[in-house]
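Student: Start from chain A and add chain B according to the hints.
2 protein chains.
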Amino acid sequence: MTQPGHTLSNDLKFSGEELDRRREYDRSRPLERDESRLLISSDKVEGTQVYSADGEKIGSIDHLMIGKRSGRVEYAVMSFGGFLGMGESYHPLPWDTLDYDTDKDGYVVDIDKNRLKEAPSYTRDETPDYNRGYGENVYAYYGVMY
Amino acid sequence: MTQPGHTLSNDLKFSGEELDRRREYDRSRPLERDESRLLISSDKVEGTQVYSADGEKIGSIDHLMIGKRSGRVEYAVMSFGGFLGMGESYHPLPWDTLDYDTDKDGYVVDIDKNRLKEAPSYTRDETPDYNRGYGENVYAYYGVMY
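Chains as they are written, first to last, in our numbering: chain A, 1 to 146; chain B, 1 to 146.
In isolation and in its complexed conformation, chain A is listed as follows (with noise of 0.2 Å):
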């Protein structure tokens, strides 16, 4: 978690009433799946359609990835395109860019498809070093705080 005013590895900064923005955004979302659920599975995640803003399907999430002393979902990785495994490949979206929509039955990321598809992301073979400084980038694509 970075502090108020921090200044992130691509120069974005978050003023005060940003952040405060941010945190009442983050009140204000409605809860994945089963509302009167705190808790969610994560074999109830990994499937789970991902949509972009203007509606369109992108991908599916494949799997979590999950600091091993913090036990924090630092990412939902995305898998997107690709046939039998061949092109595939995988956008780590934050956690909190994943916002449940029980019509669509999936998550919806609020960017649109185009930033969505370009986003960081990897093929099957490569695996990204999941450093602070690849966590700060990402996380300030989708505009959040890593």
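Quick caveat, the hints were computed from the structure, so don't treat them as lab data.
Wrong hints could be hidden among the right ones.
Copies of one chain are not kept apart here, so a pair can be met inside one copy or by any two copies together.
Taking lysine to any residue pairs in the SDA-like style, the calculated list, with each CA pair at most 25 Å apart, reads [what the hints assert, rightly or not]:
1) Lys117 / Tyr130
2) Lys104 / Gly67
3) Lys44 / Arg132
4) Lys44 / Gly106
5) Lys113 / Asn137
6) Lys104 / Arg69
7) Lys57 / Asn131
Tutor: Okay, now just chain B, sitting in the frame of chain A:
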């Protein structure tokens, strides 16, 4: 997260010294799996075997329960016993109780097998009401803070 000295629902109370000891223990814990990586994939955690402190295989991790808003893994749910799903029971384990043992290629939970078997659990047809009180009870059973 409870505060230092906070009284848990079953009257477990941690002194300042005990909290320091637990923090020190936490810092000294070996990282799970590939020690060079800070994150672990949910699909590596799921299916991993779980052993008691005395080395007996008790079950394996079935799924994770994640806070929808916090993104925190509150429990790694171990499935235990049963045959083809009949009589199977589920034990929610606090994330911090899982220590990966490279020799066993599994997690070791630091309590003996009888205490692990008798831990809070539920059957296939039930679902716990994963609220704060439940969490405090389960965490206190394993001696960790909710």
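Student: Tell me, which hint numbers fail for this structure?
Tutor: Those not satisfied come down to hint 7.
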